[in-house]
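Chemist: When you read off a place in the sequence shown, starting at 1, and then add 33, the result is the number in the working numbering.
The set of hints was computed from the structure by calculation and includes no laboratory data.
Incorrect hints may have been included.
Stated by the list, open to error - No farther apart than 27 Å at their CA atoms in a straight line, the calculated lysine-lysine pairs in the DSS-like style are these:
#1 Lys126 / Lys64
#2 Lys64 / Lys53
#3 Lys126 / Lys53
#4 Lys64 / Lys101
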Amino acid sequence: MSLPVIATAGPAARIYRPAKNAMQSGKALTKAWVLEFEPTAARVPEPLMGWVSGRDTQAQVRLSFDTKDEAVAYAQRNGLAATISEPQTASLKIRAYADNFRPGRIRW
Numbered sequence: 034m035s036l037p038v039i040a041t042a043g044p045a046a047r048i049y050r051p052a053k054n055a056m057q058s059g060k061a062l063t064k065a066w067v068l069e070f071e072p073t074a075a076r077v078p079e080p081l082m083g084w085v086s087g088r089d090t091q092a093q094v095r096l097s098f099d100t101k102d103e104a105v106a107y108a109q110r111n112g113l114a115a116t117i118s119e120p121q122t123a124s125l126k127i128r129a130y131a132d133n134f135r136p137g138r139i140r141w
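Please take these sequences and the hints and turn them into a complete structure.
Modeler: Here you go:
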């Protein structure tokens, strides 16, 4: 599956919609679209303390947009080579609580 690329010049970026946190049931931070820059330089561990550092300041930038079109327009306006990742939809299995007690239910 190939992802659409907006532009071919400029720094590489990724546009996506964050997934829901698996540890919680809330979906508060999953509505906005996020534009993140792809890392351009490797992160290097500092020999004495082991801290990881890098010279790529764009890796710290994370922009949020209300819609995908706003994020795409920003990437085109600034000449970013952006890759768009569409969110996967969750399939809901809506069942009634009474289904737990129906006569034909298989019990393990």
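Chemist: Each hint should be assessed against the structure and marked as holding or not.
Modeler: Hint check:
Between lysine 126 and lysine 64, the direct Cα distance comes to roughly 22 Å. Compliance with the 27 Å bound is thereby established for this hinted pair. At roughly 10 Å between alpha-carbon atoms, lysine 64 and lysine 53 fall within 27 Å of each other, so this suggested pair holds. This hinted pair checks out: lysine 126 and lysine 53 have alpha carbons roughly 17 Å apart, not beyond 27 Å. Between the alpha carbons of lysine 64 and lysine 101 the distance comes to roughly 10 Å, so the proposed pair stays at or under 27 Å and holds.
Hint compliance for this structure: every hint is met.
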